[in-house]
Amino acid sequence: MIPDRVRELLHGPAYMQVGTRDADLRPAHTFAVAAMVHDDRQTVTVFVPAARAARPLADLAHNGRLALGIAFASHEAYQLKGTYISSRPTEAADVARQEAYRAALLADTLRAGFPDELARPLTQGFAWSPGVAITFRAEEIFQQTPGPGAGTPMAPGG
Amino acid sequence: MGMLPDEIKAAMQGVIPSHVVTCARDGTPNASAISQVYYVDPDHVALSHQFFNKTKRNLAENPRAMVWLISPETFDTWDLELEFDHSETSGPVFDAMDMQIEAIASMVGMKGIFKLRSADIFRVVSVTKTVGERIPLREIPGVR
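From first to last, the protein sequence lines are chains L and U.
Residue numbers for the first sequence follow this note's numbering, beginning at 1 and rising by one.
Residue numbers for the second sequence follow this note's numbering, beginning at 1001 and rising by one.
By construction, these hints were calculated from the structure, which means they are not laboratory data.
Some clues are possibly wrong.
As the list claims (entries may be wrong) - Pair ranges (Cβ atoms, derived): (1) L:117 / U:1111: 17 to 27 Å; (2) U:1129 / L:11: 30 to 40 Å; (3) U:1001 / L:38: 42 to 52 Å; (4) L:38 / U:1106: 33 to 43 Å; (5) L:7 / U:1109: 23 to 33 Å; (6) U:1129 / L:39: 32 to 42 Å; (7) U:1098 / L:148: 15 to 25 Å; (8) U:1001 / L:7: 41 to 51 Å; (9) L:95 / U:1087: 40 to 50 Å; (10) U:1061 / L:145: 23 to 33 Å; (11) L:39 / U:1072: 35 to 45 Å.
Please read these numbers as outputs of a predicted model, since none were measured by experiment.
The C-beta atom is built at its ideal place from N, Cα and C for all residues, glycine as well.
Chain L extracted, bound-state conformation (with noise of 0.2 Å):
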C-alpha cells in the first residue's frame, strides 16, 4: 500500500523519472509528467511524452521492471519499484491532469527558492503532450531523502 505522504507527492508537484532496463541490463531514463495512484493504494499510472516512450514500452514489454523516482525541489525523496501492467495514449482527463501537475511543480519550484529565469523554463519545458500512460503495480517503495537513510524500505501506510 502507498503511504500517505508517497501518494501525495506522486499527486503533486514532484520530479519524476523512469527507469527501465533492457534484455542487456542496460539501464534507460525517461522524465515523467505527472502521475496518479489508483483507489486501490498499489496500482499506479505515470505519463511520459510519446516522443521518449519506444524506449521504456519495448524494455517493459520485455520484462515487466520499472522504477519511479519522485523527489520535491525540497530534495524530499522516493522511489517505487514495481511491475509494469498496460499503457495507452493520454486521454483528456490525463492531459488535464498534466497541465494542474505543471502548473503546481511551477509554484513548488518558485517556493524552493529557484530563480523564475531557471524554474520556468524547467518545469514548462518538459515536453509532455502527446503522451503515453505507463500504469504499473507497485510492489516495492523506498525511502530516499538524501542522508543516511535513504533506501530505506518503508512500512506500508507509513
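Got chain L; can you put chain U on it based on the hints?
Below, chain U alone, put in the same frame as chain L:
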C-alpha cells in the same frame, strides 16, 4: 575527438540535479537523483558517491548506468550511457568534486548531509541529445 561535446559542460555545474538509472544483477532498475556529474575528460565523467546506496551496490554487480543531464543555460537535455571504471578517494578529481559538493550543499541547504565518499569514474559509451523531451524555449509562455 572525444565523446562529450563542449556544450554539455554547462549541464555538469550541479545547478539542476541530474538523474541516474542503474540495474541490479536480478534485473531490477533503480532511479535516483545525483548531485554532481563531473567532466573528467572528453571520454570520462565522475559521479559523486555520497551514501552507501543502491546505485553503488548495483554498479558493483552491473557496471552500466544511464545518466540524464540538463543545461541550466539552454535547457537542452542529454542521455549519457556510461560504464563504471573505478573509484577515487583522493587526487585532483576527488578534490575538485569535494569542493563543488560543498558549494552545492550550501546552495541547497544540505550542508553536513552531502559528503563526498568517492569520485566514481565512468567511461562514456554514448552521448545522445534528447529529441522530443523538451519544448523549445521560444514556445514556453513567459520565457524570454
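Cross-check of the supplied hints:
1. At roughly 25 Å, the beta-carbon separation of residue 117 (chain L) and residue 1111 (chain U) lies within the given 17 to 27 Å, and the hint holds.
2. Hint check: residue 1129 (chain U) to residue 11 (chain L), Cβ distance near 32 Å, so the stated range 30 to 40 Å holds.
3. For the pair residue 1001 (chain U) and residue 38 (chain L), the supplied restraint of 42 to 52 Å holds, since their beta-carbon distance comes to about 49 Å.
4. At about 41 Å, the CB distance of residue 38 (chain L) to residue 1106 (chain U) agrees with the hint of 33 to 43 Å.
5. Look at residue 7 (chain L) against residue 1109 (chain U): about 25 Å separates their beta carbons, and that is inside 23 to 33 Å.
6. A hinted range of 32 to 42 Å holds for the C-beta pair residue 1129 (chain U) and residue 39 (chain L), which are about 40 Å apart.
7. For the pair residue 1098 (chain U) and residue 148 (chain L), the beta carbons lie near 19 Å from each other, so the given range of 15 to 25 Å is met.
8. One distance hint, 41 to 51 Å for the beta-carbon pair residue 1001 (chain U) and residue 7 (chain L), holds here, with the actual separation near 48 Å.
9. At roughly 44 Å, the beta carbons of residue 95 (chain L) and residue 1087 (chain U) sit within the given window of 40 to 50 Å.
10. Distance hint check: the CB atoms of residue 1061 (chain U) and residue 145 (chain L) are about 24 Å apart, consistent with the given range 23 to 33 Å.
11. The supplied range of 35 to 45 Å is met by residue 39 (chain L) and residue 1072 (chain U), whose beta-carbon atoms lie about 39 Å from each other.
Against the hints set out earlier in the document, no violation occurs for any number.
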